[in-house]
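I would like the entire structure built from these sequences, with the hints used as guidance.
If you want the building blocks of each chain, they are given just below.
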Amino acid sequence: VRGLWTSAIGGLDGLTARITAPVLDKPSRGWWLAFAGAGGLTLMMAAGIAWTLTQGIGVWGNNSSVVWGFGIANYVWWIGIGNAGTLISSMLLLTRQKWRASINRFAEAMTLIAVATAGLFPIIHMGRPMYWYWLAPYPNTMSLWPQWRSPLIWDFWAILCYLTFSILFWYVGLLPDLATLRDRARNGVVKRIYGAFALGWRGSLRQWALQEKLHTTLAVLAVPLVCSVHSIVGLDFAASLMPGWTESIFPPYFVVGAMFSGFCVVIVLAAIIRKALGLQAVITDSHFQVMAKIVLAASIIMGLSYASEWFSAWYGGSDADRGVLEFMFKGHYQPLYIAMLACNVVTPQALWFPSARRSLPTLLIVAVLVNVGMWLERILIIFETLSHDYLPSSWRLFFPTLTDGAILFGSLGFFLLLFLILSKVLPIVSMHETRALLAEEGRA
Amino acid sequence: LIGREQPAELHALGHWINTRLKAPIDALQPIDPHPDDHAASMANLIQAMETNQISTLIVLDANPAFDVPAFTAALGRVPFTAHLGAYEDETGKATLWHAPLSHPLESWSDARSADGTAGVGQPLIRPLYDSRSPVEALAALGDEANPNARDLVRRTWTDLDENAWNLALAKGVLKDTAAKPLALGPPTYVIPPPPPAGLTLSLIPHPCLWDGRYAPNAWLQECPDPLTKEVWGSALRVSRVDARRLRLKSGDRVRISARGAEAEATVLVVSGQATGVMTLPLGGGRRAAGPIGSNLGVDVGGLRGTGSAWTVPDARLEKIGGEGRVLETQTALALDGETAVLMPIFNLADLARAQPPQTPPSQFPELPRGDHAWALAIDAQACIGCNACVVACQSENNVPVVGPEDIQAGRDMHWLRIDRYDLGSDEDPQPGFSPIPCMQCEHAPCEPVCPVEASVHDHEGLNDQVYNRCVGTRFCQANCPYKVRRFNFRDYEAGHVYGDLDVTALKAQRNPEVTVRERGVMEKCTYCVQRISAARSESERTGGPIADGALKTACQSACPTQAITFGDLNDPKARVNALRLETRHYALLEHLGTRPRTTYLARVRNPNAALEKKT
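Protein chains in written order, with our numbering: chain A, 4 to 447; chain B, 6 to 620.
Any given hint could be a false lead.
Stated by the list, open to error - Residues from chain B that keep clear of chain A, each with C-beta distances beyond 12 angstroms, as calculated:
id : residue
1  : 42
2  : 397
3  : 452
4  : 490
5  : 521
6  : 563
What the hints assert, rightly or not - To be clear about the criterion: a stretch of chain B counts as covered by chain A if any three or more of its residues have a C-beta under 8 angstroms from a C-beta of chain A, and this derived list gives those stretches:
id : stretch
7  : 323 to 337
8  : 406 to 417
9  : 456 to 465
10 : 471 to 483
No lab work stands behind these hints, which were simulated from the structure alone.
Note that beta-carbon positions come from the ideal geometry of N, C-alpha and C, so glycine has one too.
In structure tokens:
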């Protein structure tokens, strides 16, 4: 992608000023309004979680057969969203896709926040959340260790690794920008704080060389991690014995699904940031078009994965698997399943048309629908199998409660709230990378 | 089947058919010491009350104010009324005085069973409260100053010497006291009267609550109806044909009117219900059955009338709109096509040719066996779906009651449930029962998925749940193909209206050998591990082996048809080993390779080939 940059930015200084302004200036009215909305939703989630912790899982819709519900679906969904940030950064860095410079920073921030949000769910979904640390191998008087055969333990480590790694990767990329903020901050205290986090960055050649080497090395490590984290989430289901879950397609299909929803959230965030901060020159239409193509490709892979699920259920010949398949298309959740297919497979096909890719509203609609569809996919993986497994006597449906809804919608507010706060304290677009890009373009 | 609902002509016809078939049937001498019509006696009493002929009325251990609405109306005309009962029920509230009566388990008594066998009942515990047993109350009403219940009962059996009396107490029953079978006269062929036109309402005793007297018992409220699987209330059962004709569906609210009385009920459309007949169990609509039993189900007292009718002809149904609540613990009852394998049934002729069952191969290594290898075999042929095992398990293992709201959310806690399936068509269902405790799989899917190893296998083959290690991820139940694990979604035992309500006497109902589980942990059938443990200690103390059959699980000891057999697979002479070699032996979902220790014996039928062809 070439020719992204226009002279409208006003040179390297102008670019830096534009990106640091939202951090160093007083928050705008729009920011406060968004903050109030997100804060309200976060309070709703907090109330839902407090109610759950004091009353027990009984306040959710889970029952004796469908023992998992919104908690697990929300977790898988948020982890999926969290997948795209690091992936965009690392994969695109390694493949030398320079255009990533303007979106990687907030995509990485999105990862951090989404993984943090996701991390809430496995804990609040537990019957006795106060003992969550029993999943960790810590020395204890009972001489007990976790059960290493359980996919939940693999999951525990996968999230932990991914979160730690994502923080490191993001921080290493952020170092030069922290130094810029330190240099530009007008308030003494703020200056000191940025200075501390900048770890004495002076912009020497040696520092630049080391930073780049570390960043690239971390990017190499990121790719397997991105794949492992969601593969293991897929194994939470695939390593079971239940019809509709025991499928070898699950790990790759979960990884693609994660990128799919993650990219769509990046599109939505990019559109919002561009509009809010007036960064039309930094986040250009070409960025959206490239992401649209990735979304289109992912939707095709998702379609193929669904088809392979149907085929293997039928071809495998197991009555229980075929029963679940029939339940998908004819059972109680049929409308949701059809809606899921429409959102994830049918709608993105519009992006074959260049005009659709160029139209931001169209792209936004597709992106939002894909995320709705991906949430439906997550919840349906749980519902279809647990509501319709081996013994008909245990077939039960799931009816969500207000608390379920409060926590799901509240978590969106929580995500937004963290994002808004982060956008106030750190540059939302990578300054040093966009500057490098601009300088390169200028030379060209 | 000819039962109490049918007129005498049909009984005569039944007798004629049985004689023609040379059916081995005994006619029993009725045991009722008052062969007069109880319904008429009640009507006479009410009339006497209404005409001010009664000045003192004492009701002993009965609840006529609930059973017979006319009784309550007449009660106001009696100057002195008292009720002696274990609970302050409708009658207790309507009378001037209510005095506490001891529970049967606290009392000396004697009784006769249906065939006339006499039995002596002795108290199992000292009365929890300062109450009197019925015999003491009656004696006090007479002229005994300080009645002693044991002496009062002993006095009935003066012809027994001390040895015979002690034997009767030990056995519970007196030998050879059954009535001689009646010799019925020669049958005459009677043309039965035509069935009544229009809808007939059939009233049946509630399978768990009887006539409503057990309504305050939460265990029984939450014990599923054997056929409809309904709990916490009773719906009006309507046949599929009638439902189509009257445009009714399950959940519709209707008004039933007959004989000038009416009642409102919720419809439940069921297979196997005779066309033209609606069924409603007694015992619903209690108004004074405490916080647990009040205002559930339908009060049929008005429809039934003073005559205590079992059938109400010419009932009219009228849809009144609205949606009623029918709570069921199992909704998918029909087994068709491939799922029929879940409840295998052999024809007797095929059984002889069938091959003995083979255990499918597995890639998992065989588990090492300890001193014992416990296993349970359940004969599905013998199971009558009575739920005795379900309640026995609940009582033995401190299994909580969750209440109607959580049942509606699908959270029953029974460790042992009875799956009930229809194998035939909607018109001709062939219901079958299969009790489902934990399968104690040798290759248990619940074990490897638990992140904290709360689900572990012990050396005797039990799949143990370590409650204080459980963190409540529920992965074990998600991965259980039999769905036999139960999660404490709420704090069911304490702080819950269906728990112990902080009443000391109710706390005493807990089995002290079994942990009471807290909110947020998973629990499950343990094969009554506390009994195993006690037997093991006993055998270690005495040095002798645990004899086959000496150790019984709670479900096994409660089963009236002895369908459940528990034993040690390591003991070659154990009955459970022999049962596992039978041709009709099968394991549920065997193809999954879970190697269940709980296995089943399939049902057998012996159809008449000519009749079979016709259908």
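Worksheet item: Mind checking, does the stretch 471 to 483 of chain B have 3 or more residues with a CB under 8 angstroms from chain A?
Response: Holds, because 9 residues of the stretch 471 to 483 of chain B bring their Cβ atoms closer than 8 angstroms to Cβ atoms of chain A.
Worksheet item: So is residue 397 of chain B really clear of chain A, every C-beta pair being over 12 angstroms apart?
Response: Non-interface label stands for residue 397 of chain B: nearest chain A Cβ at 20 angstroms, farther than 12 angstroms.
Fill in: residue 452 of chain B and chain A, when compared Cβ to Cβ, separated by more than 12 angstroms
Violated: least Cβ distance 8 angstroms, not greater than 12 angstroms.
Worksheet item: Is the Cβ of residue 563 of chain B farther than 12 angstroms from every Cβ of chain A?
Response: Its Cβ never comes within 12 angstroms of chain A, the nearest being 21 angstroms, so this holds.
Worksheet item: Is the nearest CB of chain A more than 12 angstroms from the CB of residue 490 of chain B?
Response: violated, 8 angstroms
Worksheet item: Are there three or more residues in the stretch 323 to 337 of chain B whose C-beta lies closer than 8 angstroms to some C-beta of chain A?
Response: Satisfied; 3 residues make the cut.
Practice prompt. Take a quick look at residue 521 of chain B and tell me if its Cβ sits farther than 12 angstroms from every Cβ on chain A, holds or violated.
Written response: holds, 15 angstroms
Practice prompt. Confirm or reject the coverage of the stretch 456 to 465 of chain B by chain A under the rule of 3 or more residues with a beta carbon closer than 8 angstroms to the chain's beta carbons.
Written response: holds (count 3)
Practice prompt. Classify the label on residue 42 of chain B as holds or violated, using whether its beta-carbon is more than 12 angstroms from each beta-carbon of chain A.
Written response: The assertion about residue 42 of chain B holds, with a minimum of 44 angstroms to chain A.
Worksheet item: Does the stretch 406 to 417 of chain B contain three or more residues whose Cβ lies closer than 8 angstroms to a Cβ of chain A?
Response: holds (count 5)
Checked against the numbered hints given earlier, the structure breaks hints 3 and 4 and satisfies all the rest.
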